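Undergrad: Please model the complete structure; the sequences and the hints are all you need to start from.
Each chain, letter by letter, is given below.
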Amino acid sequence: MRRVVITGQGTINALGQSAPATFEAFREGKCGIGPLDIRDVDRLAIQIGGQVHDYDAQSEFNRQEISLYDRFTQFALHSAREAIGQSGLTFTGELAAQSGVILGTSGGGLNTQDENYRAVYEEGKNRVHPFVVPKLMNNAAASHVSMQYNLKGPSFTVATACASSNHAMGQAFQFIRAGLATVMVTGGSESMLCFGGVKAWEGLRVMSKDACRPFSANRNGMVQGEGAAIFVMEEYEHARARGAEILAEVIGFAMTSDASDIVMPSRQGAARAISGALKDAKTPASAVGYINAHGTGTAANDKTECAAVSDAFGADADNLMMSSTKSMHGHVIGGTGAIELLSCIMALKDGVIAPTIGYEEPDPECALDVVPNEARKARVDVVLSNAFAFGGLNAVLALRRI
Amino acid sequence: MSASVQEQVLEIVAEQAVLEVSDVKLDASMEDLGIDSLGLVESIFAIEEAFDISVPFNANDPSESDFDISSVSSVIAAVERLIAEQKG
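Chains as they are written, first to last, in the numbering used here: chain A, 1 to 402; chain B, 1 to 88.
Quick caveat, the hints were computed from the structure, so don't treat them as lab data.
Watch out, some of these pointers could steer you wrong.
Non-contacting residues of chain A with respect to chain B, defined by C-beta distances greater than 10 angstroms in every case (computed) [to be verified]: (1) A119; (2) D311; (3) E361.
Distance ranges between label pairs, derived from CB positions [to be verified]: (4) A/D369 to B/P56: 31 to 41 angstroms; (5) B/S74 to A/S67: 49 to 59 angstroms; (6) A/A217 to B/D36: 22 to 32 angstroms; (7) B/D61 to A/D369: 17 to 27 angstroms; (8) A/K152 to B/E31: 52 to 62 angstroms; (9) B/D68 to A/E202: 17 to 27 angstroms; (10) A/R63 to B/D68: 48 to 58 angstroms; (11) B/D68 to A/M264: 21 to 31 angstroms.
With a straight-line Cα cutoff of 27 angstroms, these simulated DSS-like cross-link-like pairs (lysine-lysine) come out [unchecked claim]: (12) A/K349 to A/K279; (13) A/K209 to A/K303; (14) A/K377 to A/K349; (15) B/K87 to A/K199; (16) A/K209 to A/K199; (17) B/K87 to A/K209.
Here the structure is a predicted model, which means the values were calculated and not measured.
Even glycine gets a Cβ: it sits at the ideal position worked out from N, Cα and C.
TA: Here it is as structure tokens:
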């Protein structure tokens, strides 16, 4: 089977507007969560989020582009530019035909929906901008990336709520491994921090009003974030032949469905996805040094996830580190797995484990090494990235140092 | 006022539990009635809508919320208190 490596990475999120800026924030345990600056925030019960500040769309895109690019598409394009630039690839001829884009998103152009529902319902307007549909559609970001970089192979968008990015990246990995593509641009993007996007989450009563504290006994819910991360996955021999810098190797992927509850996570479903990824990677559990947890900071997720890791790893669970970077950038929903993969690459490449910040009290139900509050130096060879979505859809990726 | 709060809460809880109102015992817990976490959040939403009040409730830590859900009667008492506080 063909091997798959990562040769480019890019991002924008509450911690930084590039991969190096995000790594620096991970190392410092910086918190990107703060007061939301959005319209009608005073009518929200939840007023915090991991929002991207100091971002000026006008400086990156022209007026015509902005009329077509929802914020989630802008985030994807911003991140793709960094990732593809780093890879050094240009797509022409046969390579263009063999390269595609698979991105995850949950809400798609939610800001565009929010703004235009306001216009027609609240303000009573009877006319909307002609590009509302192409701007809000979930595949807009993937299509604009493909158009901008001439990617003509398999391209589509995956929407599996909080696991969207992991499902997307898992597909991209499998496409290259199976010989269906040479290069895949993959990852995810989300921009749900608008009045309707936050109001909807408030309804579930699982949101924290003050902070995201995964695995801490006093955790009181999740905090939404926004942003994107994009990676260039490339067939190993192709990358080697052109002397590309290889950031990490993707070695396994598994997905499972709980088939049980629309919101409550399942220990068995999560454990099966973790074990499946290890099996797919042909790697023993003892080789894993780090897991980027789903770690949402809700009571239900964190204890279920720790139990699932214990089931999948047995005694080896005591020898691994598992942190949740959502404590820093918030839960970026359909883009979260992509942003979190950055911490996996940092662990493998730089030997630095991103911390779980905001950790205040040990929880006996989350008795793993969650790398509390401070980043740690450690050499790790194999890492996993977990994503467990509402709807009971689980997706776990395995990566290796190269 | 008090009787009608009780009646309305019982109706909301009975609907969630798919029971007759007469089968909802005041000392029953949500669990006894077969109301799961989603059913509970939906019941609280229905209570907020019915009484036009805001119920402080975080599903991550129901015991920390200032809204006692340990039994049907405790919910009724809490709703009465919130009505007095917010509409009194």
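Undergrad: List in ascending order the numbers of the hints, as given earlier, that are violated by the structure.
TA: none
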